[in-house]
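Next come the chains, spelled out residue by residue.
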Amino acid sequence: MSVAETTTPAPRAIGVETIGMSKVFGGLTALDDVSIRVSPGSFHALLGENGAGKSTLVKCMMGFYQPSRGSMLVNGKQVAVPNPRAAHALGIGMVYQHFTLVPSLTAAENLVIARADTPTVIDWTKERKALNAFLETTPFKVPLDVPVSGLSAGEKQKLEILKQLYLDQRFLILDEPTSVLTPDEADEVLGLLRGMTEAGELTILMITHKFREVTAYADDVTVLRRGRVVGSGRVQDLSVEEMSHMMIGEADIRESAARVAQPEKTLKIELAGLFADDDEELPAIEAISLKIHTGEILGIAGVSGNGQSELIEVLSGQRTPRDGRIFIDKKPYEPERDQMDRFKVFGFSEEPLKNVAVPRMSVAENMAFRTFDKAPISPFKGWLSPPPMRKRARELIAAYRVKTPSTEEPIENLSGGNVQRAILARELSGEVDVLIVANPCFGLDFASVAEIRAQIMDQRNKGAAILLVSEDLDEILELADTVAVMSEGRITYQSPMAETDRATIGHAMAGHH
Amino acid sequence: MSDDAGFMTVLLAMFAGAIRVSTPFLFVSLGEMLTEKSGRINLGLEGTLVFGAMSGYAISYHTGSPWLGVLVAGLCGSGFGALHGYLCKLPKVNDIAIGIALMLFGTGLAFFFGKAYIQPSAPRLPSLSFGSWSDHPGVRQALEINPLFLLGIVLAVFLWWALKNTRYGLTIRTTGDSAPAALALGINVDKVRLLSTMAGGFFAGVGGSFLSLYYPGSWTEGLSSGQGLMAVALVIFARWNPIYCFWAALLFGAAGALGPALQSIGISRGYHFFNAAPYILTLLIMIASTSPRRSLKGAPGELSITK
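From first to last, the protein sequence lines are chains A and B. Going by our numbering, the letters in the first sequence line up with residues 3 to 515, in that order. Going by our numbering, the letters in the second sequence line up with residues 319 to 625, in that order.
The shape of chain B in the complex, shown without the other chains (with noise of 0.2 Å):
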């Protein structure tokens, strides 16, 4: 094999690669904009992510549909954000922390229910083909993609669109700019926050359910590894723009299909080391878009980080 082919090889790998890792990505991200531009974080999406793949899973596998699990993931998922939307309204309670608590509860919830369907195996989600007219076997195998994924890409679109042209989206804007205004608007300023986080939570737990019911495609205890934080940083890089949360989410994908795509070459020294390219990629992001001299450009204004 030359080395030609085998950088082919990797590029092509890390494109597959990154339509299947930066599915969750994309939607926890989403998830997480759409939470954040209400005014609030939710750290807790981590635990919501975990859950969702419990869930979904254990949905699947008992009815034999991975569609009902998703949707089950993504109700457990509102679930979540309606106790966080709901403990953040009570005076004094600060959203960061009640994140952090959520997120070690939802993992900790999902271990001590899903320790039953770490063996089992359930149906897993379907995927489209969109490679047939290629003979390699490579891009076949690259173009198999995930619903799910062409869903995340209309969700990310469609959240671009009504954040700009609906009441709503100009309302979950207001409410997460400026509360002061908000009210002088009569708009209730908790619920549409609550809302917002349950809607966010829908998509984070979505997010989950693709871990476990299409890549990796089983339920495991390590399944997620950080991805619901990451998301958050995704977030900040994307500046709370849901198309820029798509391209973030594809390059958050494509590091984390770095090790697997070098391996697949042959190149396993350092494997873990490339394994930690989202990690490093999250690290580096968060430097270079912060700074002690500036406050973050385009964070809605009533986020805890910002003020």
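So that you can see chain A by itself, here it is in the shape it has in the complex (with noise of 0.2 Å):
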């Protein structure tokens, strides 16, 4: 279904469509015959699972990428597309989900190096002045002087929105600017540019997987999947069940455990008042107090950023703790690769391949990270014996359906979903007392999420204490028990989850306690 014809067209906004636009990478076709139509000052969502086709598809728009076949047109026009400079010229930005600012330059030098007639020499009392009458314009607004590492996150993705505005882009390309918000920075945000589309300023394309903002901000809908458009068509006409059967398709996705009942509930880790330094020597966790009872899952929501990397690394021994204890069944317990055997510690977080595995090494070494130097894969001290290895991961590799050709294959090759669940496999088969868990679900396909945030719940329903610091605040609402709220390296909020919201948690999130 498209968008009537009879569209005013707005005096600025200008529309983008492509037509059978196809993408060929060797012998993977990433973008098949895909054709959208944006039309100028409306608000489409480009939904899809990750690796649905969507990065690819505006790449292609922003001329990172030629497509393999089919055409774009501007305004009615059609127009070639050979690099991003030629897609700026066309008046068609984008905003990536990792920022393209300038750390250590300050909002107004960000802004001006972006343009592309940049004075040799820069008569900063004239620029400023031009900048704050640009400022002026726009509904967003953010501080000129300070350097952008200062900047939030919500601002300097106002700043990235502004520089696009600042170049005169009037077709912005979103790549799922949300992730890194709180649900108010989010919400303002989306308003803002919203409203700016209502105006007839500017036409937004916003790559995305949030159902919420969907209905909240979006006129038109295309759904990808494997690359080929599964479903489009007005917002209004659609609902989230029939865009989620559309993303998802018939994948065979593990229905969410059931939470069992914990009668008897005992303290099992309590954290008391843990503080740490980041890299820069400033405080980054303050205070931390957390108890955590068996069978249970404490959630804690944040915007990354807030000190949830340094908790999650005192946690697992790979940041010294400025002050501060963990005991763990009431004895005191230090990180260290024997007393996480003893008290039974396990953990995983996002990225594996970053975070918790060798992507050099074998998928059966990987696996052996928390076994090798014990019976049977080390029968004396110090020496390690291959074939049990091999046969313990070939073992595991069935149990939790690892697809890899071989336990030799080195992990890097394995997909995102299949390194997870590897590392799964090596921190849950055996008795788990303590789980402590980030984001463990970040850039995975539906399936493997379901997958495990399945296995998360079972581990909880089988008495061990979880930890789950997580940026998706869905996440947190489906898994967790009880929910804390951090903000700036502290705990803001703490409540049952039975007895809290959404709204009152995003509130804390964003400060507002």
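It is worth saying that the hints were derived from the structure and are not from the lab. Even for Gly, the Cβ is constructed at its ideal location relative to N, Cα and C.
Using C-beta positions, here's what the derived DEER-type ranges look like:
1. Pro465(B) x Pro149(A): 29 to 39 Å
2. Gln68(A) x Tyr404(B): 22 to 32 Å
3. Pro465(B) x Gly152(A): 36 to 46 Å
4. Asp322(B) x Glu336(A): 51 to 61 Å
5. Phe476(B) x Asp147(A): 22 to 32 Å
6. Thr608(B) x Gly152(A): 21 to 31 Å
7. Arg339(A) x Leu329(B): 53 to 63 Å
Okay, derived cross-link-like pairs now, BS3-like style, lysine-lysine, Cα gap no bigger than 27 Å in a straight line:
8. Lys131(A) x Lys482(B)
9. Lys356(A) x Lys410(B)
10. Lys376(A) x Lys393(A)
11. Lys482(B) x Lys143(A)
12. Lys393(A) x Lys383(A)
13. Lys509(B) x Lys482(B)
14. Lys464(A) x Lys293(A)
15. Lys482(B) x Lys158(A)
16. Lys212(A) x Lys61(A)
17. Lys346(A) x Lys333(A)
18. Lys509(B) x Lys61(A)
19. Lys143(A) x Lys131(A)
20. Lys61(A) x Lys407(B)
21. Lys393(A) x Lys405(A)
22. Lys128(A) x Lys482(B)
23. Lys407(B) x Lys356(A)
Each of the two chains sits in its own frame; use the hints to bring them together as a complex.
In structure tokens:
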């Protein structure tokens, strides 16, 4: 279904259309005959799982890739986009998921250097006047004279958008623009953008996987799966169930495990007044005191960069705390290998290849990290016996359905979901008393996400005490028994899940409590 | 001679030494600062410095013009910079390894070509006298200042201004802090780094020519004694700020002048120890300015040591 031709062309916004766009990488068809139509002044959402071809499509539109087939129209005229500069010249700009601002430059410097015609010698008095005049014309407000590294994630995201507007790009492609924002910041940014599209100043194509944002802000939606358009239409005509069905297709999704009531809860792990510094020797976490009981998932919500990674590093022995203690079963606990083994502490996190695996070591070796120094893999101290290691790996690969050519494959050659399953197999196959998990589903497809969440719930039901740090509020809402919010290095809010809701947690994440 | 007068003499000698000895430090550190601002480390500046000293001296000897020698030393430096910039652009090449290779290459090449210039005496750079107002010979001697020192101050201030107020300055800082951001802006990262390394090499070459053409003022193989490497520490100490580079260079110069200054009032005990002052200072600065628990403040984000 297409948008009516009668939409009055807005004064400034531009419309973009792709016709039969395909992109083949070697033998892989990443994009197959994709036609989408984004009319001027509309807010268009592009939905799809990881690997569905969303990024490939927008990269073709931006000129990073040349499509193998197909063409593109801007305001109804066919155009060629050989490189990103050509896209910019047509008024098409993109806001990337990762910030492209220069951290040590101020906001003003970032804006001025982004221009194609930056003067050789910059007259800052004049530029500042021009910048202030430009800021008057937009709803976004950002301090101009602070280095970008000192801005909050929300301000950075606003500055990225401002940069595109400053360059007079009137068709904006946003790649998951809210992934680093608090719910309130996300609502503010999207609301302002929505206002600009309604005023006909801007056209937006937003890549997302959050249905809430689609239903709240988008006019139209296109859903991609495996490189093909599997559905599109006006958002108001579609239900979330319909969109989610289009996105996932007929894939076999594991049901989330039921939450089994835990009759007797005993205190398992206690963090007592943990303090730690970040790499700049500034306080990163302050006075973190938490108690987790057996059979309880404590979910820590918060926007990334509020001390969560430092907390995880302290708990896994990668960062020395400045002060504070950890107790397990009321006994002092130091995160060292022998104590992890004794207290049965396990964990896994996002991007396992970076954080908890050695990319170039084999699957079998990576799976043996917890056991390689114990019998049967190590029959004598200091000796390693590969056959039992491979045998153990084969068992785990079968039990956790890890897709790998062999046990000897370097783990970096596996897909993201399979790496995470291999790590899960390593961490969860034994008896687990304490589990420390950070963003376990980051960047994975739906089937893997469901699988991993079910595994976490299984461990809870078996009586493990689980600390779950997640930037995905939906994950916390689904899994946690108790929710805590981390903001600027402190726990600012804590509540049993039954007594709170999304809005309250969202406000606490933004620092209002 | 009273203790007080002796102390004054030492201070004056250190002041004079600071100005004399600091000039090569200043040029090399400004060059290294500029290169690092663009996101690469050039450890080869030690070799560039030595080769600059040799080539400057040789040109001055053959043409009779020390200033032409300075220019050629700078151009040779740019040549080394271009080689570094070109090699580092190749895939899987580490800038630190290339830097060390070029350091050895530069010194080796200078020794090879320089054998013929150890004996002959070349015209030296003139100095400007700022001390005619004083009757004190020490003061007059201390204020015999080489134009290169003044040029270095101007260069430091210019670089400080240019990094903030020109398109080239912002482009270099962008490239050094975030290559992805630079690419998104359509900046040719390799080209910016190549040009920055060439400019840095030019400064280092000029710094080298100062060694052979003014102070100590002749070409010998032991001329540099690691000043090009110390400049790397100096840049870290100066937090990649050209103005701080100037003050840090003065400090290193003063430290270098400590041994000779003490000797001049008759304290020769521990002469070699005091001569080692710049090295000890380097070590202390490295210890004080790094910590296992934090990353370096103010460092360009693309540097391989901070990544």
